[in-house]
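Asker: Take a look at the letters that make up each chain.
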Amino acid sequence: MIRPLLAGAFATTILSATLPAAADDPSWDMQLRIESDLRFRLETKSAGGVIAQTTLPRGVERNQNILGARFAVSWENVRAVAQTDLVLYGYQAKLEGIGALSEAEELQPYRIDVNELYVEVQNLIFDGFNVRAGQQVVAWGVADQFNPTNLLNADDLIDPLLFGKQQGNFMVKADYWVTDDFSLSAALVPLFKPARLPVSAALGPAQVGRTPFVNRRLRWRTETERGAAARFLNVPTVVDNVTIITPEPEFENMQAAFRMAGTVFEQDIALSYYTGFHDFPIPFANHTRQDASDRCGGSPFGQFCSTAVNGGRLLTDTTLGYPKMHAYGLNIAGEFNPFKPIDENIGGIGYRFEGALYIPRETKMKVSQEELVLGGGAFRLPQGEYDYDQDGRPGGPRPVVVEDRPFAKWTLGLDYTFPGNVYANLMWVHGLADEYGAGDWMGGTKEVRDSNIVTASLGDLIAPGTGCISLGATTRIDGTRCARETLRPRLGDYLVAGVDVKWLDDQLLTRLFTILELSGYELTRPTPSGDRRVLSYPFYTPEGFSAVIFPEIGYNFGNGLELGLGALFNLGKTYTKFGDPASGGSLTFIRARYTL
Amino acid sequence: MKRRTFTGLLSVGTAVTASGLWLPDEAWADEKGDKALATIDATIFKAKTQYFEYEGTIRVPEKADRTLKLAVWMKNEWRLSEFLAPADVKGTKVLILSPTQMYVYLPAYKKVRRIASHVTDQGFMGMHFTQDDMSITSYAKMYSATVAKDDGKLVTLSCSGKKDKHAPYPKLEIVYDKAKNIPTEIRYFNDAGTKLKTETRGGYTTEKECLSPSELKMVDHTKGNASTTLVRKAWKVNPDIPDSKFSKRALEEGS
Numbered sequence: 314m315i316r317p318l319l320a321g322a323f324a325t326t327i328l329s330a331t332l333p334a335a336a337d338d339p340s341w342d343m344q345l346r347i348e349s350d351l352r353f354r355l356e357t358k359s360a361g362g363v364i365a366q367t368t369l370p371r372g373v374e375r376n377q378n379i380l381g382a383r384f385a386v387s388w389e390n391v392r393a394v395a396q397t398d399l400v401l402y403g404y405q406a407k408l409e410g411i412g413a414l415s416e417a418e419e420l421q422p423y424r425i426d427v428n429e430l431y432v433e434v435q436n437l438i439f440d441g442f443n444v445r446a447g448q449q450v451v452a453w454g455v456a457d458q459f460n461p462t463n464l465l466n467a468d469d470l471i472d473p474l475l476f477g478k479q480q481g482n483f484m485v486k487a488d489y490w491v492t493d494d495f496s497l498s499a500a501l502v503p504l505f506k507p508a509r510l511p512v513s514a515a516l517g518p519a520q521v522g523r524t525p526f527v528n529r530r531l532r533w534r535t536e537t538e539r540g541a542a543a544r545f546l547n548v549p550t551v552v553d554n555v556t557i558i559t560p561e562p563e564f565e566n567m568q569a570a571f572r573m574a575g576t577v578f579e580q581d582i583a584l585s586y587y588t589g590f591h592d593f594p595i596p597f598a599n600h601t602r603q604d605a606s607d608r609c610g611g612s613p614f615g616q617f618c619s620t621a622v623n624g625g626r627l628l629t630d631t632t633l634g635y636p637k638m639h640a641y642g643l644n645i646a647g648e649f650n651p652f653k654p655i656d657e658n659i660g661g662i663g664y665r666f667e668g669a670l671y672i673p674r675e676t677k678m679k680v681s682q683e684e685l686v687l688g689g690g691a692f693r694l695p696q697g698e699y700d701y702d703q704d705g706r707p708g709g710p711r712p713v714v715v716e717d718r719p720f721a722k723w724t725l726g727l728d729y730t731f732p733g734n735v736y737a738n739l740m741w742v743h744g745l746a747d748e749y750g751a752g753d754w755m756g757g758t759k760e761v762r763d764s765n766i767v768t769a770s771l772g773d774l775i776a777p778g779t780g781c782i783s784l785g786a787t788t789r790i791d792g793t794r795c796a797r798e799t800l801r802p803r804l805g806d807y808l809v810a811g812v813d814v815k816w817l818d819d820q821l822l823t824r825l826f827t828i829l830e831l832s833g834y835e836l837t838r839p840t841p842s843g844d845r846r847v848l849s850y851p852f853y854t855p856e857g858f859s860a861v862i863f864p865e866i867g868y869n870f871g872n873g874l875e876l877g878l879g880a881l882f883n884l885g886k887t888y889t890k891f892g893d894p895a896s897g898g899s900l901t902f903i904r905a906r907y908t909l
Numbered sequence: 169m170k171r172r173t174f175t176g177l178l179s180v181g182t183a184v185t186a187s188g189l190w191l192p193d194e195a196w197a198d199e200k201g202d203k204a205l206a207t208i209d210a211t212i213f214k215a216k217t218q219y220f221e222y223e224g225t226i227r228v229p230e231k232a233d234r235t236l237k238l239a240v241w242m243k244n245e246w247r248l249s250e251f252l253a254p255a256d257v258k259g260t261k262v263l264i265l266s267p268t269q270m271y272v273y274l275p276a277y278k279k280v281r282r283i284a285s286h287v288t289d290q291g292f293m294g295m296h297f298t299q300d301d302m303s304i305t306s307y308a309k310m311y312s313a314t315v316a317k318d319d320g321k322l323v324t325l326s327c328s329g330k331k332d333k334h335a336p337y338p339k340l341e342i343v344y345d346k347a348k349n350i351p352t353e354i355r356y357f358n359d360a361g362t363k364l365k366t367e368t369r370g371g372y373t374t375e376k377e378c379l380s381p382s383e384l385k386m387v388d389h390t391k392g393n394a395s396t397t398l399v400r401k402a403w404k405v406n407p408d409i410p411d412s413k414f415s416k417r418a419l420e421e422g423s
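Protein sequences, first through last, are from chains S and Z. Residue 319 in our numbering sits at position 6 of the first sequence, with consecutive numbering throughout. Residue 394 in our numbering sits at position 226 of the second sequence, with consecutive numbering throughout.
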């Protein structure tokens with residue numbers, strides 16, 4: 314409730330300071346939008362595995378209806394805007410108790426998105442100085458949909474078809490127009506808002522094989538422990554609770570940004586700075602408990618049973634948080650004309666570059682456990698913090714999950730309109746919104762997409778000299794000879810290509826957009842000699858292929874009514890970016906929108 | 169199809185080279201034609217600033233008519249268009265500062281987007297007028313003219329695009345009223361000499377000694393003679409429009 318109060322107080326202050334005694338009538342503007350969206354998931358997506366798994370079933374993915382309303386009023390140099398969407402979900406997957414059948418909100422779940430709710434005063438105090446306070450979206454980035462410098466608003470991935478959408482957030486923004494095309498801007502965001510994730514994101518934490526540590530040795534060790542417990546003792550690891558910790562509402566956690574933008578030789582250039590947080594969560598802590606009970610897995614793991622005597626299940630409670638960072642941004646947009654020597658009259662090619670240098674704060678993770686007793690007491694892990702350095706005492710240097718090495722994200726895009734109403738857009742995207750940390754073709758580390766052990770038997774695991782677990786007075790574990798990992802760069806490279814073709818006097822739009830991940834994947838595994846071997850899977854191999862194909866047909870009736878039909882195909886193995894179950898799988902959709 | 173394309177260039181280049189008919193554009197002109205073109209410019213582009221509101225009707229054979237509304241501000245070579253209807257494009261603005269510096273504000277994205285000159289030969293919302301068609305502020309700067317026909321009342325000028333002047337069409341035919349120096353019909357051709365469009369302008373009225381048609385109709389011959397008619401609903405001559413209206417600042421402030 315603080316935000317509306319602040320907005321109201323600020324608006325009242327500036328309104329009372331600037332409203333003239335006599336003014337023209339205010340001008341009103343209103344727009345309504347009614348949209349209905351029906352989607353089908355084409356395949357069941359599951360993550361997790363034995364005993365516990367999270368599943369998104371094949372069938373209706375959403376039956377969503379939206380009433381969007383936008384009101385704007387302008388009066389002298391004051392403008393107030395409100396834009397909200399009432400979203401009705403259509404159905405509730407699970408009703409808790411008989412009482413839910415009497416609850417309208419349970420039977421007809423909905424949400425309200427307040428995208429804009431602000432007051433702006435233009436030419437406040439002196440000409441060219443504008444202040445806007447309230448819920449708003451500040452989109453400084455010039456690239457299309459993939460904007461590494463749009464950091465003031467949290468990403469909104471609730472609808473996977475709306476690439477690049479951001480949520481409105483409360484902020485105070487001031488712009489000073491030094492000239493008509495050169496401006497200085499500053500924005501202050503008092504409270505952090507995290508990225509809104511799609512429903513399918515719940516499948517992400519269920520994939521326990523994605524060990525987040527930067528340190529390879531520690532990763533291999535924990536992967537060996539987890540893999541061995543599951544494979545040889547039937548003691549699976551299951552994510553039980555996920556706790557999200559957002560930054561406290563403290564002064565030092567306020568986000569701020571500055572921008573200087575202008576036009577030089579007809580090219581638009583902007584420099585920006587942001588201090589705040591990455592809006593996607595990363596693990597800060599992990600605590601493991603033991604559920605020593607007999608339990609059998611459901612389909613498709615019906616034959617798998619964990620037993621109390623072996624250790625039951627290992628339940629992990631994961632805490633996620635938002636790492637602090639700074640970012641220096643550069644935006645350039647304009648056009649160039651390589652055809653000029655041929656003919657002056659051929660139109661130029663549009664280009665846009667948006668890049669940011671991120672300075673992350675180093676983030677470490679705390680790993681702890683209750684006393685774990687596995688294999689009837691053969692393996693024990695004492696209660697307390699994990700012994701990271703295996704010095705026999707709990708704790709040690711906590712593992713890094715985000716290094717403090719700077720890294721860059723960028724989008725370089727070109728677009729062109731060919732005769733015949735054919736519009737083409739080509740982009741090289743380096744680092745998607747959810748990707749974070751130093752690690753790409755220029756250096757840094759890779760992230761784990763999947764892991765397991767290659768060891769065939771418990772005997773091999775504990776074999777002196779060639780095994781991974783040395784039993785003795787102190788158990789020591791080295792996963793170098795056991796752990797197998799599938800890796801990819803922390804920051805991927807993507808080729809985004811799209812073509813729009815308009816037909817029937819611009820009323821029929823056919824669109825095909827694709828995102829092809831170029832980074833490829835690699836498999837690292839131990840060799841019998843004890844070394845590790847790396848197998849590379851370039852993007853054009855079945856193992857390294859990962860892509861999105863997004864065909865769409867839309868018809869605009871010209872009176873505010875639009876109909877759309879399309880599909881979103883997420884392709885690739887389950888460890889890949891787009892084949893990942895957490896990406897939601899492939900969808901088809903049909904939608905109608907009427908704007909009045 | 170009016171903007172020259174690679175294939176178009178190749179075919180035209182091959183044809184003129186083979187036939188030995190290559191002549192510089194200026195060679196088509198004559199002093200009388202250029203003078204007439206300059207006179208037309210002086211008549212129809214007399215105003216320093218202008219504001220228009222149009223109601224448009226898009227007619228496509230065998231389809232229902234579609235309507236739209238737009239407002240246009242003009243000053244120097246700058247032009248700002250804002251769509252007022254239909255509702256789904258309402259608030260969309262296109263700012264043209266030069267042939268190579270243009271912006272579009274899309275309300276749905278709350279973003280001012282730089283657009284490149286490759287889009288200027290495209291219509292919008294199915295209109296048969298393109299940005300190029302509506303952005304000409306001087307025919308004489310872009311074209312050299314020769315008198316092709318003169319019946320004493322109506323004169324037909326044959327115009328060829330000047331080199332390096334961003335002429336949106338390589339060739340035009342302008343039919344103008346000799347007494348008033350106002351164009352009544354403009355025919356647009358491509359490199360190969362094919363007539364692409366015909367624009368008629370009628371119902372001229374005078375305001376502060378400036379002339380403007382109250383109705384413009386563009387017929388697109390490449391699309392089965394589909395047409396767009398713009399009927400002027402409001403017109404202001406030499407209103408006080410500050411330079412800042414034609415700026416990124418104005419687009420962003422209005423967002």
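A hint or two may mislead.
To be verified - One-sided and incomplete, this derived list gives chain S residues near chain Z with beta-carbon spacing under 10 Å:
1) Q344
2) D581
3) N599
4) Y729
5) A905
6) T908
These are computed hints drawn from the structure, not numbers from a lab. Glycine included, every Cβ here is placed at the ideal spot set by N, Cα and C.
Asker: Work down the list of hints and note, for each, if the structure agrees.
Answerer: Now the hints, each set against the structure:
1. Q344: Check passed: Cβ of Q344 (chain S) comes within 6 Å of chain Z, closer than 10 Å.
2. D581: 6 Å, holds
3. N599: 39 Å, violated
4. Y729: 5 Å, holds
5. A905: Not OK, violated: A905 (chain S) not within 10 Å of chain Z, min 12 Å.
6. T908: At 4 Å from the nearest chain Z Cβ, T908 (chain S) passes the 10 Å test, so the hint holds.
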